[in-house]
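Whenever a hint applies, use it, and build me the whole structure from the sequences.
One letter stands for each residue in the lines below.
Protein chains: 2
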Amino acid sequence: MLGLSGLNAQTTAQLLSDPTVKAALEAAKRNEPHFIEEQIRVCEIPAPPFKEEVRAAEFERIFKQLGLKDVRIDKSGNVIGVRPGLVPHPNLLFEAHLDTVFPEGTDVRVKRNGDTLTAPGIGDDCRGLAVLMSVIRALDEARVQTPGTITFVADTGEEGLGDLRGTKELFQTTLRGQIDKFVSVDGTGLRITNVGVGSYRYRATFKGPGGHSFGAFGLGNPIQAMGRAIAKIDEFEVPATPKTTFNVGRVGGGTSVNAIPFESWMEVDMRSSDRDSLETVHAKYRKAVEAAVEEENKRWKGRGPVSVDNALVGYRPAGSTPADSAIVKTAVEVTRAFADSAPLGEGSTDSNVPMNLGIPAITIGGGGQGSASHPLDESFNSKDSYLGTQRALLLAIALAR
Amino acid sequence: MLGLSGLNAQTTAQLLSDPTVKAALEAAKRNEPHFIEEQIRVCEIPAPPFKEEVRAAEFERIFKQLGLKDVRIDKSGNVIGVRPGLVPHPNLLFEAHLDTVFPEGTDVRVKRNGDTLTAPGIGDDCRGLAVLMSVIRALDEARVQTPGTITFVADTGEEGLGDLRGTKELFQTTLRGQIDKFVSVDGTGLRITNVGVGSYRYRATFKGPGGHSFGAFGLGNPIQAMGRAIAKIDEFEVPATPKTTFNVGRVGGGTSVNAIPFESWMEVDMRSSDRDSLETVHAKYRKAVEAAVEEENKRWKGRGPVSVDNALVGYRPAGSTPADSAIVKTAVEVTRAFADSAPLGEGSTDSNVPMNLGIPAITIGGGGQGSASHPLDESFNSKDSYLGTQRALLLAIALAR
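Chains W and C are the protein sequences, given in the same order. Just so we're aligned, residue 9 is where the first sequence starts under my numbering, counting upward by one. Just so we're aligned, residue 9 is where the second sequence starts under my numbering, counting upward by one.
Please note: incorrect hints may appear among the correct ones.
As the list claims (entries may be wrong) - Label pairs and their computed distance ranges (CB to CB): (1) C/52 - W/294: 55 to 63 Å; (2) W/382 - C/211: 27 to 35 Å; (3) W/168 - C/211: 29 to 37 Å; (4) W/352 - C/111: 55 to 63 Å.
Stated by the list, open to error - Computed from the model, here is a short list of chain C residues facing chain W with C-beta under 7 Å: (5) 239; (6) 275; (7) 279.
No lab work stands behind these hints: they were computed from the structure. Beta carbons: idealized from backbone N, C-alpha and C, even for Gly.
In structure tokens, the structure reads:
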């Protein structure tokens, strides 16, 4: 059993020489083939956006079987299980996400070709889920007693319109005020994400009465109001560092070249890793849309006035965990035990939520080698993937103190 | 036989008292039921846009049967037949259009309910075609010898993207320099159209390389370039008289909210009855699109430059025939013989083409009562529709001199 006092003083090197830790790492390596099979098995349980229930029920069963305490499913469908420490705090939240980007009905059967597995979601995030299971098992087999508590979660709604739904629920409600550190295992490789790119996404719908282009000329035109908004957006000045961006990604509207349209719409995306910069561009956007509609109605003297429904369709909070923070330094050190380098990166993942709240948080890859996420032919190569499991395991031990 | 010298001096009242003219008008009234049947019969021969051949072939047969000379079909599919006068000029071109707005496969069977006929194109312009036939027959039965020549045409491409194709061909090539006056019979009622609203229609396609909204931020954005163009268009100042209009009627583009689009497009319509005003707004439009692309590329320092394909997809020349011109005064006088009032109006019809060339031209309704043109349940009520036939007949006689 690993003692509390010992852990506090230990460097990664010291941890690696601890017999209990060693035993846990050996267990992780030994169990890797089993958890690759588990990765395949859970990947073949569909988990479309907003429909993670079946896979979640299986994780409730798995968490109980692996010996976690207080296993439950919260309102957002997150599966939660606790591995108590000697004391309740620090409480490390250690998670991987259940959901995929693939719609219901997608063929999720896994194809094997040597070490390569191909299936929708096989890396993102069935790999994270496999690592989660393997870490719990290894801690259990080696009887590692961490000083702090580890709360394991298989969470919902990480992808796309899910908008980090599950993790937001954890921090806002389910485990509000109870989490001290956060690690999510997402995808493959050994990367460390310490910058959380936040985003606002809008769908603005402009409406007016519409009419014949010649006969009804003089009415406000929803497409032309939208054009004014887009022209304003295009002029936004944003900081290069922290990188802040905006994009009008899609537009549509109108029924005929010779009809004043009754409706038009645009989809706009704004991103930044910096909370204030994101809020600034967000405020500019809202103002631009309002000003455009006002100008349009002034231009046409209020005839057939145009109105807008500026609907927020996505929000991911921005944040970052400083490179010189304890959690990032520990993650880098731990990673260097398994790889030549430990580069930091940015992304938009579950750790955005705690980062935004100022809670130390990172997202790490689950090891192995993956293709790009989100295509139907997503693939995962399990060569030396045990290193990812070991890295996650050692990091959990190092942070749960 | 109506003599040349007599006709020159005759007012409408005098014409109406001429026994030959009277006989022709009586024939038109007597034959009305027959030509209503003909209206139905030709309406049931489909004539979709750009596919008027079958109906045209039937009119070639009809024109020959009705005794017209030099019957032929020109390169654009117009069916032409001549009723020689005592001298070749003035040569009155008297036409109705073959084409409908309805696509291939539309059910064109005519439903009858008392005097009401319902079918796609029954009024626009099967009514005009029926009047054309009936006028030729009445002139023939009453042996009316007009001093000038009447060239009858069942023409193509009046509707939509047809863009007045047939009539353009007549004036540019087939009958170039040979026409002195022009009447087209289009639709129902007894209206007189002496103002030809011209139009330019564009489809502008903006292109760039596209990319990820965050990763590739800083590239020119085709939607945003288009927004700049639309904002400029919305600021155009146009004269209220002669009425000149512009409209961005449809827009589209983009694949995802979080991707810089590689393409966007807009459809723009500009109209005026005044040739110069139309050219002015047209020039402004072309300049706005070019300036918008230039600004977009300057804004993003030429990275991922945006280009535009500004395609002209429609052009209808503008023009008008003055209210105090001989042809309009004659049309008003003739119409007053059959109706309490003879209001003038504006439209976009085959007469735009000669109006633009300064050739005296009007478009008249074919009588009867019609619903709005272009819906599938277009209808025509034949109550007193013979008055429309008689009006057209008397006008042809009055103008062919």
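So, going through the hints one by one against the coordinates:
{"no.": "1", "hint": "C/52 - W/294: 55 to 63 Å", "verdict": "holds, 57 Å"}
{"no.": "2", "hint": "W/382 - C/211: 27 to 35 Å", "verdict": "holds, 33 Å"}
{"no.": "3", "hint": "W/168 - C/211: 29 to 37 Å", "verdict": "holds, 32 Å"}
{"no.": "4", "hint": "W/352 - C/111: 55 to 63 Å", "verdict": "holds, 59 Å"}
{"no.": "5", "hint": "239", "verdict": "holds, 4 Å"}
{"no.": "6", "hint": "275", "verdict": "holds, 4 Å"}
{"no.": "7", "hint": "279", "verdict": "holds, 5 Å"}
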